[in-house]
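Chemist: All chains should be modelled from the sequences, with the hints used to inform the complete structure.
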Amino acid sequence: MKEQKVPHLTSLELWRAWREHGDINAKKDLIENYLPLVEYVTNRMSIGLPKNVSKEDLGSHGVMGLIDAIEKFDYLRGLQFETYASWRIRGAIIDGLRQGDWVPRSVREKAKKIEEAYQVLEQRHMRSITDAEICEYLDISEKDFANIVQDISFSTIFSLEEPLREEESETRMSLLIDQSAKKPESTVDDVFLKASLEKGIERLTEKERTVISLFYYEDLSLSEIAEVMSLSPSRISQLHSKAIQRLRGVLEQHRAELFHS
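The numbers in UniProt numbering rise by one with no breaks, and the one at position 127 of the sequence shown is 127.
As a list, the in silico DSBU-like pairs of lysine-lysine whose alpha-carbon atoms are at most 35 Å apart:
#1 Lys55 - Lys112
#2 Lys143 - Lys199
#3 Lys199 - Lys112
#4 Lys194 - Lys143
#5 Lys110 - Lys194
#6 Lys112 - Lys143
#7 Lys207 - Lys143
#8 Lys194 - Lys112
Hints in this document: simulated from the structure, not taken from any laboratory. Please read all numbers here as calculations on a predicted model, not as lab measurements.
Modeler: What follows is the structure, encoded as structure tokens:
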């Protein structure tokens, strides 16, 4: 008699076998099925990082994020696993980078000065601040400012994907791009934070808004954005970095008003 082949389980059957019956083989199959998602996120996040950051290390962190997502995902809610897992994978990679402390202290200090300059000047003038105004405030040349922005571009690549609070996985960008996933226990603070981010985005230059939109909303890499906008990847990196510093300044102002009101 010819041996009958056992059909592959569907995705739903795998989830049911794993979540309801604790089938370890089903869990392994789920991990294997979604490994390409880890590769996709890793490739996207590795763009623009220093050469000393290994893509293999990023991938290892990403796999841990995928496993965490599979262990915590509730397939009965009808949500898309890929979206949920992507945030978990990004978060695991960011945590791994933080633990490795790959951003030099001098770069962090430069980023903080730029962030504070945007915060002070935009609060003072209530409008988008030019590079020339930032340079005057910091008492540096525009060439030096451009070099500083280039230096800090690596440290800002994940800024909007950092958790709102250390003990939570919800990020700043999730408040803007995932309206349907808003939790019932969301606080008034989250509402004001979202408003602050939207206000900050309105103050970005047209090119900065375009970069933020293409990177965080359209899921394009910096090199793809460079091609779309007919600019060099380094220029796109600078625009992204300046946009993030503006937004971080707005968020710091929001935090100051919230806790001192």
